[in-house]
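Trainee: Given next are the chains, with one letter for each unit.
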Amino acid sequence: MVITICIGSSCHLKGSRKIVDQFNELIMVNKVEDKVSLNGSFCIGECMNGVCVKIDGALYSVLPETAEDFFHKEVMGRLQ
Amino acid sequence: MNIKVEASYKSLNKHHEELCGDKVEILETKDSYIMILADGMGSGVKANILATLTSKILGTMFLNGATLDECVQTIVKTLPVCKERQVAYATFSILQIFHNGEGYLVEFDNPSCIFIRNNKVINLPFERRIIEGKEIKESRFQVRLNDAFILMSDGVIHAGVGKILNFGWLWENVANYAVDVIDKAPTATRLANTISQACDDLYMKNPGDDTTVAVAKILERKVVTLFTGPPLSEMDDTRVMHLLMASPGKKVVCGGTSANIVARYLKKEVRTTLEYIDIDIPPIGYIDGIDLVTEGVRTLSRTLTMLKRYEKEELDQQFFNDLDKKDGGSLVAKLLLEECTDLNLLVGKTINVAHQSPELPFDISIRMNLIEQMKDVMTKLGKKVTLTYF
Numbered sequence: 005m006v007i008t009i010c011i012g013s014s015c016h017l018k019g020s021r022k023i024v025d026q027f028n029e030l031i032m033v034n035k036v037e038d039k040v041s042l043n044g045s046f047c048i049g050e051c052m053n054g055v056c057v058k059i060d061g062a063l064y065s066v067l068p069e070t071a072e073d074f075f076h077k078e079v080m081g082r083l084q
Numbered sequence: 595m596n597i598k599v600e601a602s603y604k605s606l607n608k609h610h611e612e613l614c615g616d617k618v619e620i621l622e623t624k625d626s627y628i629m630i631l632a633d634g635m636g637s638g639v640k641a642n643i644l645a646t647l648t649s650k651i652l653g654t655m656f657l658n659g660a661t662l663d664e665c666v667q668t669i670v671k672t673l674p675v676c677k678e679r680q681v682a683y684a685t686f687s688i689l690q691i692f693h694n695g696e697g698y699l700v701e702f703d704n705p706s707c708i709f710i711r712n713n714k715v716i717n718l719p720f721e722r723r724i725i726e727g728k729e730i731k732e733s734r735f736q737v738r739l740n741d742a743f744i745l746m747s748d749g750v751i752h753a754g755v756g757k758i759l760n761f762g763w764l765w766e767n768v769a770n771y772a773v774d775v776i777d778k779a780p781t782a783t784r785l786a787n788t789i790s791q792a793c794d795d796l797y798m799k800n801p802g803d804d805t806t807v808a809v810a811k812i813l814e815r816k817v818v819t820l821f822t823g824p825p826l827s828e829m830d831d832t833r834v835m836h837l838l839m840a841s842p843g844k845k846v847v848c849g850g851t852s853a854n855i856v857a858r859y860l861k862k863e864v865r866t867t868l869e870y871i872d873i874d875i876p877p878i879g880y881i882d883g884i885d886l887v888t889e890g891v892r893t894l895s896r897t898l899t900m901l902k903r904y905e906k907e908e909l910d911q912q913f914f915n916d917l918d919k920k921d922g923g924s925l926v927a928k929l930l931l932e933e934c935t936d937l938n939l940l941v942g943k944t945i946n947v948a949h950q951s952p953e954l955p956f957d958i959s960i961r962m963n964l965i966e967q968m969k970d971v972m973t974k975l976g977k978k979v980t981l982t983y984f
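Quick mapping for you: the protein sequence lines, in order, are chains E and L.
Here the working numbering is used: the first residue of the first sequence is 5, the next is one more, and so on.
Here the working numbering is used: the first residue of the second sequence is 595, the next is one more, and so on.
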């Protein structure tokens, strides 16, 4: 599974770096390093809401506060 | 020969003095670069006035094509006479380098210019003559790329005298030190800063005399073309890309959407990393064929901060440590400061709608403002800047 996090200006200000850190930690805690690859991308063009995150082509908006729930639902949910 | 001269200097004031008794003038005429270093007798206000008058007179007269003899006559007749010593006196050095590579050096009582070529100190051929009772040394020569010329006031060769060193930092020692550090301090600014730092250390941060190091370095013209911001009309994308790809030097793209335009045109991919070297600056990206790819406004505002620090001469080791960092903003700043003589800015005026959101902590529709400021600072730093909006 490929997760792409937008690191463009707008998403950067909304906390992409925090989400990168959170996801990295969650990937380790859940021991899914070999199943998930985390990438960065410049502006994806969906800057209006939270930080833009793309999973296998589907776009989501995530905030640092919702990152953990999002990870469990969308990432772990798909892996199971 | 298509050369460019980078000139820079650093002064240390004599202990307890607010004004420096050394003065450096850096000028550009239609066909040459001129650097003048004057050292006024004594210290403080008096020395500062003598040095300022001397360097300004020399600069203004040279700029208007006066001969050396006329300049010296004018100085002798103009400088106020010191009450205590009954003389009017300032020593000076003048270095003039013409665009065609001819060099001309004049020295009056300053320590001789250190001339470094291929990591060796070279002795310049001098002729001596007497003008208005003063013995003046003159030298004419041909410069080559990467030649470095170091002018200094006598505070440099007196550094540490009677304290750390019996006889001060002798000319030969300064010259050998300059050769040792020149690879690590490849620009005029870095070299002037490094030598001046060594003087300060020898004086144990307590300079016994005004101390000035002025360096001129012969550089090749180096062009950098920077593209940032999507053009208002998509029709202009191709035009911008032609200009960018046809430019002779390094190519820089700042901005996510801009990077996507470039990648689409070149039929390449934008690769990004998630390595945060600095938490405030988004990571850089990569596109084959482009020398540096970064995010836009955050990165450029960091770059502008660095350029402004450089322009204000707040140059200490901390500045250069920051400049050597690998975040996007510092990388762009280093490129513009140290590997660029001519800068072309290709700037799209499109404002990212998402950046207008009131939730954001500051208005990042400031790209054009950033660019205008960048242009001003780079111009002040002696770089040739062209700016085109789309």
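It cannot be assumed that every hint is accurate.
To be verified - Simulated pairs of lysine-lysine, DSBU-like, Cα-Cα distance not exceeding 30 Å:
1) L:Lys-977 - L:Lys-778
2) L:Lys-862 - E:Lys-39
3) L:Lys-640 - L:Lys-799
4) L:Lys-861 - L:Lys-816
5) L:Lys-862 - E:Lys-58
6) L:Lys-844 - L:Lys-816
7) L:Lys-598 - L:Lys-799
8) L:Lys-902 - L:Lys-943
9) E:Lys-22 - L:Lys-920
10) L:Lys-640 - L:Lys-816
11) E:Lys-58 - L:Lys-861
12) E:Lys-22 - L:Lys-624
13) L:Lys-624 - L:Lys-978
14) L:Lys-862 - L:Lys-799
15) L:Lys-861 - L:Lys-598
16) E:Lys-35 - E:Lys-58
17) L:Lys-598 - L:Lys-862
18) E:Lys-22 - L:Lys-928
19) L:Lys-650 - L:Lys-862
20) L:Lys-943 - E:Lys-58
21) L:Lys-906 - L:Lys-861
22) L:Lys-862 - L:Lys-919
23) L:Lys-920 - E:Lys-58
24) L:Lys-969 - L:Lys-778
Just so you know, the hints here were simulated from the structure itself, not pulled from any lab data.
Trainee: Confirm or reject each hint.
Mentor: Structure-based check of each hint:
1. L:Lys-977 - L:Lys-778: holds, 23 Å
2. L:Lys-862 - E:Lys-39: holds, 27 Å
3. L:Lys-640 - L:Lys-799: holds, 23 Å
4. L:Lys-861 - L:Lys-816: holds, 27 Å
5. L:Lys-862 - E:Lys-58: holds, 20 Å
6. L:Lys-844 - L:Lys-816: Judged against 30 Å, a Cα distance of about 8 Å means the pair holds.
7. L:Lys-598 - L:Lys-799: violated, 34 Å
8. L:Lys-902 - L:Lys-943: holds, 24 Å
9. E:Lys-22 - L:Lys-920: holds, 20 Å
10. L:Lys-640 - L:Lys-816: violated, 42 Å
11. E:Lys-58 - L:Lys-861: holds, 22 Å
12. E:Lys-22 - L:Lys-624: violated, 53 Å
13. L:Lys-624 - L:Lys-978: holds, 14 Å
14. L:Lys-862 - L:Lys-799: Violated, at about 54 Å.
15. L:Lys-861 - L:Lys-598: violated, 36 Å
16. E:Lys-35 - E:Lys-58: Roughly 21 Å between the alpha carbons, so the hint for E:Lys-35 and E:Lys-58 holds.
17. L:Lys-598 - L:Lys-862: With Cα atoms ~35 Å apart, L:Lys-598 and L:Lys-862 exceed 30 Å; violated.
18. E:Lys-22 - L:Lys-928: holds, 28 Å
19. L:Lys-650 - L:Lys-862: violated, 54 Å
20. L:Lys-943 - E:Lys-58: holds, 28 Å
21. L:Lys-906 - L:Lys-861: Given that 30 Å is the threshold and the Cα spacing comes to 42 Å, the pair is violated.
22. L:Lys-862 - L:Lys-919: Holds, at roughly 27 Å.
23. L:Lys-920 - E:Lys-58: holds, 27 Å
24. L:Lys-969 - L:Lys-778: holds, 28 Å
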